[in-house]
Amino acid sequence: MGLYRSHVLICGGTGCVSSGSLEVLEALKKGLAEKGMDKEILVVSTGCHGMCEMGPIVVVYPEGTFYCRVTAADVPELIEEHLYKGRVVERLIYKGEGKASDVPHYTEIPFYKKQHRIALRNCGYINPDSIDEYIARDGYAALVKALTEMTPEAVIEEVKTSGLRGRGGGGFPTGLKWSFCARSAGDKKYVICNADEGDPGAFMDRSLLEGDPHAVVEGMLLGAYAMGANEGYIYCRAEYPLAIKRLKRTIEQATEYGLLGEHILGTDFSFELHIKEGAGAFVCGEETALMASIEGRRGMPRPRPPFPANKGLWGKPSNINNVETWANVPSIIRNGGEWYAAMGTEKSKGTKVFALTGKVNHTGLVEVPMGTTIREIVFEIGGGILNGKKFKAVQIGGPSGGCLTKDHLDIPISYESLSQVGAIMGSGGLVVMDEDNCMVDVAKFFLEFTQAESCGKCPPCREGTKKMLDILTRICAGKGKPEDLEALEYLGTMIKETSLCGLGQTAPNPVLTTLRYFRDEYEAHINEKRCPAGACTELTRFIIDADKCIGCTKCARVCPADAITGAVKQPHVIDQDKCVKCGACAEACPVKAIDRR
Amino acid sequence: MQAIDLTINGKKIAAEPGMTILQAARKGGIHIPTLCEHPAIPIAGACRVCLVEVENSPKLLTACSSPVAPGMVVHTHSPRVLAARKAVVELILIRHPLDCFSCSSNGKCELQDVAYELGIKASPFTDEGDTCRDYALEDANPFYVRDMNKCILCGRCIRACDSLARYHAIDFQNRGIRTMVHPPVGKDLEHSDCTFCGQCVQLCPVGALSEKASTGQGRPWELKSVKTTCSYCGVGCELNVQVNTRTGRIANVTTDYLSPTAVNEGRCCVKGRFAWQYVHSDDRLTRPLIKENGAFREAEWAEALSLVAGRMTAIKEDFGPDAIGFFSSARCTNEENYLLQRLAREVVGTNNVDHCAHL
Chain A
98 MGLYRSHVLI CGGTGCVSSG SLEVLEALKK GLAEKGMDKE ILVVSTGCHG
148 MCEMGPIVVV YPEGTFYCRV TAADVPELIE EHLYKGRVVE RLIYKGEGKA
198 SDVPHYTEIP FYKKQHRIAL RNCGYINPDS IDEYIARDGY AALVKALTEM
248 TPEAVIEEVK TSGLRGRGGG GFPTGLKWSF CARSAGDKKY VICNADEGDP
298 GAFMDRSLLE GDPHAVVEGM LLGAYAMGAN EGYIYCRAEY PLAIKRLKRT
348 IEQATEYGLL GEHILGTDFS FELHIKEGAG AFVCGEETAL MASIEGRRGM
398 PRPRPPFPAN KGLWGKPSNI NNVETWANVP SIIRNGGEWY AAMGTEKSKG
448 TKVFALTGKV NHTGLVEVPM GTTIREIVFE IGGGILNGKK FKAVQIGGPS
498 GGCLTKDHLD IPISYESLSQ VGAIMGSGGL VVMDEDNCMV DVAKFFLEFT
548 QAESCGKCPP CREGTKKMLD ILTRICAGKG KPEDLEALEY LGTMIKETSL
598 CGLGQTAPNP VLTTLRYFRD EYEAHINEKR CPAGACTELT RFIIDADKCI
648 GCTKCARVCP ADAITGAVKQ PHVIDQDKCV KCGACAEACP VKAIDRR
Chain B
20 MQAIDLTING KKIAAEPGMT ILQAARKGGI HIPTLCEHPA IPIAGACRVC
70 LVEVENSPKL LTACSSPVAP GMVVHTHSPR VLAARKAVVE LILIRHPLDC
120 FSCSSNGKCE LQDVAYELGI KASPFTDEGD TCRDYALEDA NPFYVRDMNK
170 CILCGRCIRA CDSLARYHAI DFQNRGIRTM VHPPVGKDLE HSDCTFCGQC
220 VQLCPVGALS EKASTGQGRP WELKSVKTTC SYCGVGCELN VQVNTRTGRI
270 ANVTTDYLSP TAVNEGRCCV KGRFAWQYVH SDDRLTRPLI KENGAFREAE
320 WAEALSLVAG RMTAIKEDFG PDAIGFFSSA RCTNEENYLL QRLAREVVGT
370 NNVDHCAHL
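Line by line, the protein sequences are chains A and B. Quick note, the working numbering runs 97 ahead of the 1-based positions in the first sequence. Quick note, the working numbering runs 19 ahead of the 1-based positions in the second sequence.
One should not assume that every hint holds.
Said to hold, decoys possible - Mimicking DSBU-like on lysine-lysine, the simulated pairs with C-alpha atoms at most 30 Å apart in a straight line are:
1) 290/B x 243/B
2) 140/B x 593/A
3) 243/B x 413/A
To be verified - In silico contact screen, one side only, chain A against chain B (beta carbon under 10 Å); selected entries:
4) 211
5) 257
6) 394
7) 401
8) 574
9) 575
10) 597
11) 642
12) 646
13) 650
What the hints assert, rightly or not - Residues of chain B placed beyond 12 Å of chain A at every Cβ, according to the derived structure:
14) 79
15) 148
16) 187
17) 198
18) 251
19) 265
20) 278
21) 303
22) 372
These are computed hints drawn from the structure, not numbers from a lab. We put the CB at the ideal spot given by N, CA and C, even for glycine.
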């Protein structure tokens, strides 16, 4: 690697690529070459910085200046001002709540300040396509340490000491899981990386694979060494083409460097790694369904036992961990289990990546120590609620998780604390909701998802979630009956009790938690035929306040259903039978005379 | 091998290693209802009807798939189990049509049995339209009808096709409430790998698969099972012909997957299972015919056999035993073919023996 006076890092994650970072990258390279500066300034395409909503993101080192929403048109100015003259382009820097004139190092920005990045430590720092950059950041040092200084048992002990638990949602202690597979007799074993990330709104696994794929591969190598496996699969959803492309490149490079294949680093340890593309089934994130899918069968879960540690892929002992879990392993082996265990709560150690989305100012990926409160994540890191609205709830843990209220904002996040209040850690989805979100509608959304993704194998999940969805649909349409709430509770409890796999066993959670914490909203829908948040269209009415209406006719002109009548300069009226509740009239009204009720 | 001692409903049971809770319970005479389980096919753990409570296990376990362990304490009918089982059956019944009167499975339907056992008349959650899944009846083939409206998606047909017939002509398709059992996407049964062996029909616990020819031929309780050997080829499949005791006619043919004597271990082909109607055919030869002056006339067995014996003796005397040939059939049983060649060799004295498979 040559010496450069400045590094310009451009995010090449899926979020920034879709908002145009590739064009910015090209413009920068071209612009610098034209200026003859390409020998002194290095342009690097990195993985995700996490603050996707502000993309495309450009960070200039050594200053650590954080530019956001950069377009190709901004590039000449960036080159001329910052890279040539050394003056920060103020209009492009992240402003946040503070003043534009303060230009902090980007790690001082509130979004990054409270974060503690272990799994994401290289995302946004290195070029994920370069194994050299990974190695320069201590990459593969853990593998060298394990292969040359540690027995497989010692590796497992280190992971046990770290207290690392499955980051895919289950939260099972990773070291313990590894010890089961290590103890299982067999000449052939597999390690598998679950990269079938499917929770709506969750994208930490994608970012890791796109931003630091070598860390995942190194984690798998360490696991394979510890458990005595010589072959592995990364089961990645086909909807992540960039991740798959980078993984392929990663495997090529690691093989080229002798870090994959036969006799790794000259030892007796050999490991072959394959990528298996999923075909779009959410349930394939369940480990037994995932293995069925790798084997070429329909992805459907099967009862356990036998557990994968004894009878997994093709009947051989296998160990499955998700992307984030694997990505934590190299740091644990390098720094020691004690180091990792020093972070977090008593039973939930280390850090967790959350995908912060919804009605929050800064959406994106945040990695925080376990024990951080939801308030810190939403209000400090996330910058609070969008448009100054009121916080209402946070849906945590994806479709298997639950909705928590403002009363839970100060709960230190851990596997235990979340399950106590009816939610789960899940893969770390955090959807923030404000006063405009109807909680019945939210529950209905997640049920639609789980019902559509139910594999159909067991009746509780297949029939039960459909019936719950039917009931929620009719409640949202104002056709709910008082006994529906009891039915929802009964169905939800029984589906959890009797379903075959984790999908069904957790599917009712969004309904059960909203029933627990927002029962009044359900009751308003059923008893008063009213949606307090004004979100359920079938319960919403748009009404023109005759006293305020100035008869400008704007509303009548924008109405797509010709539902508004009235003479010029006379109060207008909405025909409720014709109204399609699109809200165009309320937006068009210059005097805010149209109420949404 | 060392027996595994466990307790089910307070009863001590010595199970064999490798047994499931269900097998152990059956061994001890304890009934656990099932729907997706069948001894001839792999376990699926899908229907959730066999859930039982095992002490020290926080979750209910499916008896069909959970192996026994020493000292295990199992409750198959505890209040928690019964509540869960009832909920599961209520959910299965949401969309299952309750047209039991006209259903060919009435009386042998396993869903009916479980619902009866639990005292469930209908699902409390059935809303208008739930039982009218608009799957068209699939009846283009001459052998059986697929009515996916009645299907409870237990998957027994799929596993039968996969592990017994080894064709894997059908599998689950779609997800969620739209899940169905179907041949490969875009194909119907008649253009799939299905050979119509009908093992799926026998294993269907409800009336989603029903044999065309047996419609109206008798209710399950009117039938008497007669064990016989299939007369279609020399394999010698053991069949159970179900005869209506009232009419004396065949209602259908089944096989016994657990029969210790059956060479076919319960498998059979389309002919053995579905092509039994010839037994009651008007065109069938039921008496010997003798040809006189170019025309057949009916005769008694004694007369016909005397005629054949007389002619054979005469030919043998005039032209020697090798002037006579014996021609048997692969459709006869081994025993019949054995007797025929003995007749040829020992009684007539010729080695001129052949059979139809040589043609």
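Hint check results:
1. A distance of roughly 21 Å separates the Cα atoms of residue 290/B and residue 243/B; the hinted pair therefore holds under the 30 Å criterion.
2. As the CA atoms of residue 140/B and residue 593/A are separated by approximately 24 Å, the hinted pair is consistent with the 30 Å bound.
3. Taken as a hint, the residue 243/B and residue 413/A pair is broken in the structure, with Cα atoms around 47 Å apart against an allowance of 30 Å.
4. Below 10 Å, beta-carbon pairs count as interface contacts, and residue 211/A has none with chain B, the closest being about 36 Å; its hint is therefore violated.
5. For residue 257/A, the interface hint is violated, the least distance from its beta-carbon to any beta-carbon of chain B being 23 Å, above 10 Å.
6. Below 10 Å, beta-carbon pairs count as interface contacts, and residue 394/A has one with chain B at about 9 Å; its hint therefore holds.
7. For residue 401/A, the shortest C-beta to C-beta distance to chain B is roughly 8 Å, which falls under 10 Å, so the interface hint holds.
8. Because the smallest distance between the Cβ of residue 574/A and any Cβ of chain B comes to about 13 Å, over 10 Å, the interface hint for this residue is violated.
9. Against a cut-off of 10 Å between C-beta atoms, the interface hint on residue 575/A is violated, since the closest Cβ of chain B lies about 16 Å away.
10. Contact between residue 597/A and chain B, as hinted, is supported at the beta carbon level, the nearest pair being about 6 Å apart and thus within 10 Å.
11. For the restraint placing residue 642/A at the interface with chain B, the shortest Cβ-Cβ distance is roughly 39 Å, beyond the 10 Å limit, so the hint is violated.
12. A cut of 10 Å between beta carbons decides the hint on residue 646/A: the least distance to chain B is about 42 Å, and the hint is violated.
13. For residue 650/A, the interface hint is violated, since its Cβ never comes within 10 Å of a Cβ in chain B; the closest pair sits about 43 Å apart.
14. Chain A draws residue 79/B into its interface by the beta-carbon criterion, the shortest separation being 7 Å against a cut-off of 12 Å.
15. Here residue 148/B does not stay apart from chain A, with its beta-carbon only about 10 Å from theirs, under the 12 Å limit.
16. With a least beta-carbon separation of about 10 Å from chain A, residue 187/B fails to lie farther than 12 Å from that chain, contradicting its non-interface assignment.
17. Non-interface call for residue 198/B relative to chain A: violated, since the shortest CB-CB distance, roughly 3 Å, does not exceed 12 Å.
18. With 12 Å as the threshold on Cβ separation, the claim that residue 251/B sits away from chain A holds: the shortest Cβ distance comes to roughly 34 Å.
19. No beta-carbon of chain A comes within 12 Å of the beta-carbon of residue 265/B; the shortest separation is about 37 Å.
20. At the 12 Å boundary, the C-beta of residue 278/B stays outside the reach of chain A, the nearest C-beta of that chain being 29 Å off.
21. With a closest Cβ-Cβ approach of about 46 Å to chain A, residue 303/B is found to remain outside the 12 Å limit, as its non-interface label requires.
22. No Cβ of chain A approaches the Cβ of residue 372/B within 12 Å, the least distance being about 49 Å, so the stated non-interface status holds.
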